[in-house]
Amino acid sequence: MALSGLDIYKLLPKTNCKECGYATCLAFAMALAQKKASLDKCPHVTLKAKEALESASQPPIKLVTIGVGEKKLEMGNETVMYRHEQKFYHPTGIGFLIEDTLDLDKIQEVISKINSLSFERVGLTIRPDLVCIKNSSGDKDKFVKAAEAAVSKTGLNIALYSDDAAKILEALKICKDRKPLMICGDISKLDEFGKIAKENSVAIAVTFSNIEELAQLTDRVKKSGVEEIVLNIKTDSLWKRIQDATSIRRTALKKNLRPLGYPVMAFTNTSEADLELAEAVSYVAKYVSLVIVKSIEKDFVFPILVARQDIYTDPQKPVQVEPKIYEIGKVTKDSPVLVTTNFSITYFTVAGEVEASKVPTYIVCCDAEGMSVLTAWAAEKFTAEKIAESIKTNGIADKVSHKKIVIPGYVAVLSGKLEELSGWTVEVGPREASGLPAYLKGWK
Amino acid sequence: MPIDLAREKYSGSVYTVELGGTSAAGGTRDSVIKIGGETTLPFLFEEGSMPNSPVVGLEIFDCEPTDWPDGLKNEIGDALKDPIKWAKKCVGDFGSKFLCVRLISAHPDWGGRSANDAIAFLKSLLQEVKVPLVIIGCGDAQVDNELLAKASQATKNEKCILGIASQNNYKTLTASCLADGHSIIATSPVDVNIAKQVNILISDMGLDPKRIVMDPTTASLGYGMEYVYSIMERARLSALAGDKMLSMPFILFIGQEVWRVKEAKDSTPLGIKWEIATAAAMLQSGADILVMRHPVAAQATSKYIDGIMKR
Ligand code: SF4
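In order, the protein sequences belong to chains A and B.
With the first sequence counted from 1, adding 1217 to any position gets you this note's numbering.
With the second sequence counted from 1, adding 21 to any position gets you this note's numbering.
Chain A on its own, in the form it takes in the complex (with noise of 0.2 Å):
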């Protein structure tokens, strides 16, 4: 969080020995504030001023990167509470627990389904982003051979968790190029997981249950020289997770506490493939920014990457869809031609009513800079003469044999100059959506 000029004032000797260059301490806070001058101009600032400054310098939640290349995962470096304040950055990675009490041929069969798991949507490719091989056999090999399965089959992000740092260690020695999360599992071995960590470069995850105790163990993870730490929730009950997440959330933001300035992360602790996917949702909703699940079945893995790229769209940003015509269903040279925004959810809408009532439609958005139709109205964006250009270039009268578009009811205001800048016959449709499968019904 950046401190203001005053700020700043109260850390400096407040001598005006004039030495930075500027004529009293304040200007020199001023302009530190400002970025126009930098700390070690003033030779008397103390240690502790030094560190305070530094750290209000440093984004409030600290980005951390797990893997390498493309597919390399970043978390944190969020800047607000809700994503209506600005935005959420760093979308929640989604993980895979994998077990290595699993038989080897088992485990490779499920890292191969994982890999599988891509989709496209909205003109995008969403995946997600990491497999956790997790030690739950007790044995080294078992978990080395598992990680091994994980490196040389996927190309995704690894994470290893185990409570022993030694078997992590192991594991390091065969994909430590791969920049895995190492997950520490039992808090009373964390400096010796702290020591493996800074020897290998690699981000360390942080268990825990009470979060009073945090912050402590966060400190002892800095002092063996990590930065890349990562919080993971290990409470008991749903509603205690959400608050966790929340409560880090807002401490880093609001009160700029770097021990707990880090990125969150949780496994989902419900095993019903139905309750896990909603407990699932609620942490990409509620700051996780790495949720580990179980289920690796399509229809559960699709949904969860549809609500993150949900909340984590860009809310200044409105959705568009291309200004163009589209075509729904088998369109002939007398289908109907209907007219709206290029504002996604409307034209979502629309089309989802035009697709109902199976009567093959044309649909020409045209450019209302993403705004829905009474909003675009407003801001005379979606005018007469917008859309009798549109009409014009866009290609429509060489697709249909009729001259008749459809406007939507909210706009009926709009009929008469269309007609006569378009010469198109404008028919004044439905008000909402809703009515357009029986309009179309109806439509000759």
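Honestly, the hints are just simulated from the structure, not real lab data.
Where a beta carbon is used, it is the ideal one built from N, C-alpha and C, also for glycine.
Honestly, I wouldn't trust all of these hints.
Stated by the list, open to error - Result set (DSS-like, lysine-lysine): computed pairs, CA atoms no more than 25 Å apart in a straight line:
1) A:Lys-1440 / A:Lys-1457
2) B:Lys-231 / A:Lys-1658
3) A:Lys-1658 / B:Lys-286
4) B:Lys-283 / B:Lys-94
5) B:Lys-331 / A:Lys-1451
6) A:Lys-1472 / B:Lys-30
7) A:Lys-1457 / B:Lys-324
8) A:Lys-1289 / A:Lys-1415
9) B:Lys-30 / A:Lys-1457
10) B:Lys-94 / A:Lys-1457
11) B:Lys-283 / A:Lys-1515
12) B:Lys-102 / A:Lys-1575
13) A:Lys-1547 / B:Lys-286
14) A:Lys-1515 / B:Lys-324
15) B:Lys-94 / A:Lys-1575
16) B:Lys-286 / A:Lys-1575
17) A:Lys-1451 / B:Lys-324
18) A:Lys-1575 / B:Lys-283
19) A:Lys-1412 / A:Lys-1439
20) A:Lys-1658 / B:Lys-106
21) B:Lys-331 / A:Lys-1511
22) A:Lys-1515 / B:Lys-286
Claimed, not checked - Ranges between beta-carbon positions, derived for each pair:
23) A:Lys-1472 / B:Asp-264: 39 to 47 Å
24) B:Asn-190 / A:Glu-1271: 56 to 64 Å
25) B:Ala-45 / A:Ser-1426: 41 to 49 Å
26) B:Phe-66 / A:Lys-1265: 33 to 41 Å
27) A:Arg-1344 / B:Pro-290: 15 to 23 Å
28) B:Asp-88 / A:Ser-1274: 55 to 63 Å
Unchecked claim - On the chain A side, residues computed to face chain B include the following (Cβ under 7 Å):
29) Lys-1252
30) Phe-1336
31) Lys-1503
32) Asp-1527
Keeping the supplied structure of chain A fixed, place chain B with the ligand upon it in accordance with the hints.
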């Protein structure tokens, strides 16, 4: 050393709305469901309380739902042909704590049955099932003005929630709710200002704000859900900060929206998951009443709510 966590303390709270009139109120429902009353954002029990669980109910029509995808219809089966059987199945077999009845048969597109026929159905429904009712008109403003006025009279003192009132059409329905003891659903098109405006218009007619629930307009996962999510979050934050005209609980028509998107229509198993995921996200933004369509999705959501409410 305890750490100094940043906690929110809110001054405002969400109104508590009661659904269902028992004999004490002159009604015939077997229970009263309390809705709302939160003094914190969802499930943050260290920052405030959530005295009433969000509640899930199934939706029925007063005629066969010909436009539902097959996968959804199959789950309920033959009972769909007889709305009373359908209602009983929702309550008896699927454990629905309330029912949302959509009187769609009066809509010109759905056969345009006379309002009196729809009311006759409603009266026998009152006899046959005893859970509280949310009653929704057919969606045609002209028809609904007459239909809902009659539905309101027919269910006097049953303390239903009637809808849907909008900025352009709220007077008739508000008057009915006032006269017959019901609560009202006030809708707005994903817009906080309009939501507040409708609430004010309805309250100005004398209806107690404790008898209004807000319909922020539902959107399915992947089809604009995030807009609704943020509108609800903003409205709820205003409520908790003390804005009384945004302090009404939310009702979300999850099933209606989910079962018309491509993913749900193409695959029932995916549709079920889609409905659960949409419900889960809406719970995190403050949903109080969830109207759902697939019994499996509704039951899972209900169970999930029980889990997350457990202290
Ligand atoms: S050098 Fe430091 S102590 Fe001297 S005037 Fe500048 S800020 Fe103040």
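Taking the hints in turn, this is what the structure says about them:
Taking the CA atoms of Lys-1440 (chain A) and Lys-1457 (chain A), the gap is about 28 Å. The hint is violated against a cut of 25 Å. Among the hinted pairs, Lys-231 (chain B) with Lys-1658 (chain A) is inconsistent with the structure: their alpha-carbon atoms are about 42 Å apart, more than 25 Å. Of the pairs offered as hints, the one joining Lys-1658 (chain A) and Lys-286 (chain B) holds, with about 21 Å between alpha carbons and a cut-off of 25 Å not exceeded. Among the hinted pairs, Lys-283 (chain B) with Lys-94 (chain B) is consistent with the structure: their alpha-carbon atoms are about 16 Å apart, no more than 25 Å.
Note on Lys-331 (chain B) and Lys-1451 (chain A): the hinted pairing holds, with a Cα-Cα distance of about 16 Å set against a maximum of 25 Å. Restraint check for Lys-1472 (chain A) and Lys-30 (chain B): satisfied, since their Cα atoms lie roughly 15 Å apart, inside the 25 Å limit. Taking the CA atoms of Lys-1457 (chain A) and Lys-324 (chain B), the gap is about 17 Å. The hint holds against a cut of 25 Å. Restraint check for Lys-1289 (chain A) and Lys-1415 (chain A): the C-alpha separation of about 19 Å stays at or below 25 Å, so the hint holds.
Only pairs whose Cα atoms come within 25 Å are accepted, and Lys-30 (chain B) paired with Lys-1457 (chain A) is accepted, the gap being roughly 17 Å. At roughly 38 Å between alpha-carbon atoms, Lys-94 (chain B) and Lys-1457 (chain A) are farther apart than 25 Å, so this suggested pair is violated. Proximity of Lys-283 (chain B) to Lys-1515 (chain A) is assessed by CA-CA distance (about 16 Å); at most 25 Å being required, the pair is judged to hold. A C-alpha spacing of about 23 Å is found between Lys-102 (chain B) and Lys-1575 (chain A), which places the hinted pair at or below 25 Å, so the restraint holds.
Straight-line distance between C-alpha atoms of Lys-1547 (chain A) and Lys-286 (chain B) comes to about 19 Å, which keeps the hinted pair within the 25 Å bound. For a cut-off of 25 Å, the pair hint linking Lys-1515 (chain A) to Lys-324 (chain B) stands: about 22 Å separates their Cα positions. Under the criterion of a C-alpha separation no larger than 25 Å, the hint pairing Lys-94 (chain B) with Lys-1575 (chain A) is consistent with the structure, at around 19 Å. Simply put, Lys-286 (chain B) and Lys-1575 (chain A) have alpha-carbon atoms about 13 Å apart, close enough for the 25 Å limit, and the pair holds.
Proposed proximity of Lys-1451 (chain A) and Lys-324 (chain B) is supported: the alpha carbons are some 21 Å apart, at most 25 Å. A threshold of 25 Å between alpha carbons decides the hint, and for Lys-1575 (chain A) with Lys-283 (chain B) the separation of about 13 Å falls inside it, so the pair holds. For the given pair, Lys-1412 (chain A) sits about 10 Å from Lys-1439 (chain A) by alpha-carbon distance, which is consistent with the 25 Å threshold. Note on Lys-1658 (chain A) and Lys-106 (chain B): the hinted pairing is violated, with a Cα-Cα distance of about 31 Å set against a maximum of 25 Å.
As the CA atoms of Lys-331 (chain B) and Lys-1511 (chain A) are separated by approximately 22 Å, the hinted pair is consistent with the 25 Å bound. For the hint linking Lys-1515 (chain A) to Lys-286 (chain B), the alpha-carbon distance of about 16 Å falls within 25 Å, and the restraint holds. Range check, Lys-1472 (chain A) to Asp-264 (chain B): Cβ separation about 26 Å, and the 39 to 47 Å hint is violated. For the pair Asn-190 (chain B) and Glu-1271 (chain A), the beta carbons lie near 60 Å from each other, so the given range of 56 to 64 Å is met.
In this structure the supplied range 41 to 49 Å holds for Ala-45 (chain B) paired with Ser-1426 (chain A), their Cβ-Cβ distance being about 45 Å. Checked against the hint of 33 to 41 Å, the C-beta distance between Phe-66 (chain B) and Lys-1265 (chain A) comes to roughly 38 Å, which is consistent with it. For the hinted restraint 15 to 23 Å between Arg-1344 (chain A) and Pro-290 (chain B), the CB-CB distance of approximately 20 Å keeps it satisfied. Here the CB-CB span from Asp-88 (chain B) to Ser-1274 (chain A) is close to 58 Å, well matched to the stated 55 to 63 Å.
Contact between Lys-1252 (chain A) and chain B, as hinted, is not supported at the beta carbon level, the nearest pair being about 26 Å apart and thus beyond 7 Å. With a least beta-carbon distance of about 10 Å to chain B, the hint placing Phe-1336 (chain A) at the interface is violated under the 7 Å criterion. At a threshold of 7 Å, the smallest CB-CB gap from Lys-1503 (chain A) to chain B is about 6 Å, leaving the interface hint in force. Hint status for Asp-1527 (chain A) relative to chain B: holds, with the closest Cβ pair at about 4 Å, below 7 Å.
Violated hints, in rising order: 1, 2, 10, 20, 23, 29, 30; the structure is consistent with all others.
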